[in-house]
Amino acid sequence: MTPVLDASVFIAAISPAERHHGRARRLFDSHPDTEPFLVPDLFRVEVVAGLTRRGEPAAFVDTVDAVIRGPRFHSRPLDGVLLDRTVLVARTARLRAYDAVYVALALLADAPILTLDEEVVQRSSASFAELRVFGS
Amino acid sequence: MGAVLSLSDAKARLSEVVRGVRTRGEAAVITVDGEPAARIVPVDPGPRSLTSAEAAGYRALMASLDRFERPTAEFDAVALIAEGRR
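These protein sequences, in sequence, are chains A and B.
Using numbering that gives the first Met the number 0, the first residue of the first sequence is number 0, and each one after it goes up by one.
Using numbering that gives the first Met the number 0, the first residue of the second sequence is number 0, and each one after it goes up by one.
Quick caveat, the hints were computed from the structure, so don't treat them as lab data.
Just so you know, even glycine gets a beta-carbon here, dropped at the ideal spot from N, CA and C.
Check the hints yourself; a few may be wrong.
[As the list claims (entries may be wrong)] Some chain B residues close to chain A (C-beta under 7 angstroms, calculated; not the full set):
1) 25
2) 48
3) 49
4) 57
5) 63
6) 69
7) 70
8) 71
9) 77
10) 83
[Said to hold, decoys possible] A few chain B residues that don't get close to chain A, going by computed Cβ distances all over 10 angstroms:
11) 5
12) 7
13) 8
14) 15
15) 33
16) 35
[What the hints assert, rightly or not] Some, not all, of what chain B presents toward chain A, calculated at C-beta under 7 angstroms:
17) 53
18) 54
19) 67
20) 73
21) 74
22) 80
23) 84
One chain only, chain A, in its complex shape (with noise of 0.2 angstroms):
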């Protein structure tokens, strides 16, 4: 089963100085290495936007983008199917848009779901019962 990998799971999986790091890498080393994540497509721009606010050196972010760009990390595009649920997801959960994609994606894969976010694993656990949800 290919987990659907939240942007905050990675950057803190791959940051000492997160405050949830240990958390974060045990989840991330959860999934054996040889095998994918899978993401939305705007994973990417959380996930290098984010590095570069916080002031990461560009070589690492370069570095880290080159890691979202190789095939550890399987890119699903926002295509219609996708975001016809994420519409339903959002309005059913009340998650913010960019969460409400994330979710989706995994009900669509019918995969669980790893996250640091406290509110979306409440919203999402509380609406929709099938989804599997790792990380609170």
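Given chain A's structure and the hints, the job is docking chain B onto it.
Chain B in isolation, oriented as in the chain A frame:
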């Protein structure tokens, strides 16, 4: 940039066009009266296990991340991402 071809060309060379889209992973655009009218896109094969070479390359890149000098101030990744999602 994928191939751009007329409808008559597409009809005559459909097998070649589809194989090209599949091999290169790039869409082909079909024109009608010189205007873009339709697109043939590759099907996403879905996630797959990494090959040994891919896994080795991935591990090398991940290991290289530890060699950078980075900001040491504590932060919260959820807050950082949430800020970008506002």
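Quick rundown of the hints versus the structure:
no.: 1; hint: 25; verdict: 14 angstroms, violated
no.: 2; hint: 48; verdict: 6 angstroms, holds
no.: 3; hint: 49; verdict: 5 angstroms, holds
no.: 4; hint: 57; verdict: 5 angstroms, holds
no.: 5; hint: 63; verdict: 6 angstroms, holds
no.: 6; hint: 69; verdict: 6 angstroms, holds
no.: 7; hint: 70; verdict: 5 angstroms, holds
no.: 8; hint: 71; verdict: 5 angstroms, holds
no.: 9; hint: 77; verdict: 5 angstroms, holds
no.: 10; hint: 83; verdict: 5 angstroms, holds
no.: 11; hint: 5; verdict: 27 angstroms, holds
no.: 12; hint: 7; verdict: 29 angstroms, holds
no.: 13; hint: 8; verdict: 27 angstroms, holds
no.: 14; hint: 15; verdict: 26 angstroms, holds
no.: 15; hint: 33; verdict: 27 angstroms, holds
no.: 16; hint: 35; verdict: 19 angstroms, holds
no.: 17; hint: 53; verdict: 5 angstroms, holds
no.: 18; hint: 54; verdict: 5 angstroms, holds
no.: 19; hint: 67; verdict: 4 angstroms, holds
no.: 20; hint: 73; verdict: 5 angstroms, holds
no.: 21; hint: 74; verdict: 6 angstroms, holds
no.: 22; hint: 80; verdict: 5 angstroms, holds
no.: 23; hint: 84; verdict: 4 angstroms, holds
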